[in-house]
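**Q** Next come the chains, spelled out residue by residue.
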Amino acid sequence: MNSFHRPGTGAISADEKGSLTRLVRVELLKLRTTRLSYGLLATAAGLTALFSVLEASRAGPGKAVAPLYTTTGLTAVITGGVWALLLAAVLGVTVSSGEFRHATATQTYLATPRRGRVLAAKAVAAACAGAVFGLAGYVIAAGTGLVFVAARGYRVPVGDATMARYAIGHVVAAALLAAVGVALGSLIRSQLAAVIGVFVWAIVIESLLGGLFNAIQPYLPYTAATTLAGSPLGGAAFGPAHDAATAAVPLPFAAATALIAGVAILLSAVASRTTVPRDVT
Amino acid sequence: MKVIEIRGLTKRFGPVLAVDQLSFAVEPGEVVGFLGANGAGKTTTLRMLLGLVRPDAGTATINGHAYADLSEPLHQVGAVLEASSFYPGRSARDHLRVQALAGQADPSRIDEVLELTGLTGAAGRRVGGFSLGMRQRLGLATALLTDPDLLILDEPANGLDPDGVHWLRDLLRGLAAGGATVLVSSHILAEVAQTVDSVVILDRGRLVAQSPLADLTAGERNLEDAFFKLTKEASR
Numbered sequence: 050m051n052s053f054h055r056p057g058t059g060a061i062s063a064d065e066k067g068s069l070t071r072l073v074r075v076e077l078l079k080l081r082t083t084r085l086s087y088g089l090l091a092t093a094a095g096l097t098a099l100f101s102v103l104e105a106s107r108a109g110p111g112k113a114v115a116p117l118y119t120t121t122g123l124t125a126v127i128t129g130g131v132w133a134l135l136l137a138a139v140l141g142v143t144v145s146s147g148e149f150r151h152a153t154a155t156q157t158y159l160a161t162p163r164r165g166r167v168l169a170a171k172a173v174a175a176a177c178a179g180a181v182f183g184l185a186g187y188v189i190a191a192g193t194g195l196v197f198v199a200a201r202g203y204r205v206p207v208g209d210a211t212m213a214r215y216a217i218g219h220v221v222a223a224a225l226l227a228a229v230g231v232a233l234g235s236l237i238r239s240q241l242a243a244v245i246g247v248f249v250w251a252i253v254i255e256s257l258l259g260g261l262f263n264a265i266q267p268y269l270p271y272t273a274a275t276t277l278a279g280s281p282l283g284g285a286a287f288g289p290a291h292d293a294a295t296a297a298v299p300l301p302f303a304a305a306t307a308l309i310a311g312v313a314i315l316l317s318a319v320a321s322r323t324t325v326p327r328d329v330t
Numbered sequence: 004m005k006v007i008e009i010r011g012l013t014k015r016f017g018p019v020l021a022v023d024q025l026s027f028a029v030e031p032g033e034v035v036g037f038l039g040a041n042g043a044g045k046t047t048t049l050r051m052l053l054g055l056v057r058p059d060a061g062t063a064t065i066n067g068h069a070y071a072d073l074s075e076p077l078h079q080v081g082a083v084l085e086a087s088s089f090y091p092g093r094s095a096r097d098h099l100r101v102q103a104l105a106g107q108a109d110p111s112r113i114d115e116v117l118e119l120t121g122l123t124g125a126a127g128r129r130v131g132g133f134s135l136g137m138r139q140r141l142g143l144a145t146a147l148l149t150d151p152d153l154l155i156l157d158e159p160a161n162g163l164d165p166d167g168v169h170w171l172r173d174l175l176r177g178l179a180a181g182g183a184t185v186l187v188s189s190h191i192l193a194e195v196a197q198t199v200d201s202v203v204i205l206d207r208g209r210l211v212a213q214s215p216l217a218d219l220t221a222g223e224r225n226l227e228d229a230f231f232k233l234t235k236e237a238s239r
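Keeping their order, the protein sequence lines are chains G and C.
Residue 311 in our numbering is what sits at position 262 of the first sequence, and the numbering runs on without skipping anything.
Residue 118 in our numbering is what sits at position 115 of the second sequence, and the numbering runs on without skipping anything.
Read the hints as simulated data drawn from the structure, not as lab findings.
Glycine included, C-beta positions come from ideal geometry on N, C-alpha and C.
Mixed in with the good hints there might be a few duds.
Cβ-to-Cβ under 8 Å is the rule here; a few derived chain C residues that face chain G [as the list claims (entries may be wrong)]:
| # | residue |
| --- | --- |
| 1 | 40 |
| 2 | 54 |
| 3 | 91 |
| 4 | 100 |
Partner residues are not named here, just some residues of chain G that face chain C (Cβ under 8 Å, in silico) [as the list claims (entries may be wrong)]:
| # | residue |
| --- | --- |
| 5 | 151 |
| 6 | 165 |
| 7 | 166 |
| 8 | 169 |
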């Protein structure tokens, strides 16, 4: 029965599920034996700590950041965790574009000639690693906030349920952005160009678009990811978008998740029809 | 059944006709030299055979199937295409762990192939610091992990020192004695002449000759003379 099966024409057989699981394990092993993965995680942790401490130390009555006994103040500190989201996307880019940078795509495709499966396995593996980035970002950012709250003798202004939602939001957003990164790195095979693309899109383009057109701000994928992680709308943006007095509200959790997953699926579909089948010379 | 069968294979890169209506076959257990000058189309042919490059026309099959349709391809075919395609930050052993998992090889094979290729002492070192010759050995180790019956080697002697070339020759002879089929490309004719049973000669993408080595060199001083005579005739 399996011999008649073609991918995309029906349900996945047990055999194919097994092989996809193995491919994900291969990609996870590649990530674990790559120093770049650890370097990116360390960078994410370092930037999160730096920005969280900066925000926390600028917080107080009449200061740039609202006092840490308010939800706004503590949330501003936890927003430092969005660096982990951004670095998770970069990790995703390296997972796919690295195969071309180091010409390892040849060996990968010799082992698995069905390239669509390789792309799917990379997306899943990068999402797993991205989840770790998200968790690390949350722990560092929230931990920093709570340490400052305790040190100043305040009561924690944010409830446990909300904190849990921020934690899950960090994990989900970073995982999905890593999958988006994989798709982007498959489309733009140049690693440097794709990494620059991630930063320019997230920091420049979304800040510009969000500042100019407040109404679309909740629907911008990176912005939606940051709101999943608990950042206020525009909280992770630069320029006018940062403090835009806007009537727009962040997307609900499920809608934001669906939006980012949709971007990952759309970009992957485009990549698997355009760049992925190209000759590997 | 033929192990390799190539029929009417054609590939054009822009204005360059890299491979032109190429047809040849390889029988089980043969060690075949795939010869041609640099740019003759050898690598492109091998990449089409391995499903990495899509032909404009023609077919290339292994054991009767296109590469993409082989079940567990690495258990049927081991290929070494380029000596530089390793992630530089990974150790040789970690590289082989990844490939063993991808190719469903027994992890105990890792130590065996390291030993076989003389890399045991360098297994923990990062591949980025390897010489070209060591990379060639690691490429061979990778191909041998899954114990395939067919080996496809693109210029495997590149970067090997005289000891390495000698070692490679012994390795290929050993594999052939064990019944493996080998297609080995080279532009260094002397190196191949001592190893192969027959040759396929390519010139500007076209087949110039396929014959047992003995027939080809009959009446010539050596393979080199026969090669130049044939390619000169073909270009007339």
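**Q** Of the numbered hints stated earlier in the document, which are not met by this structure?
**A** Violated hints (numbers, rising): 1, 6, 7 and 8; every other hint is consistent with the structure.
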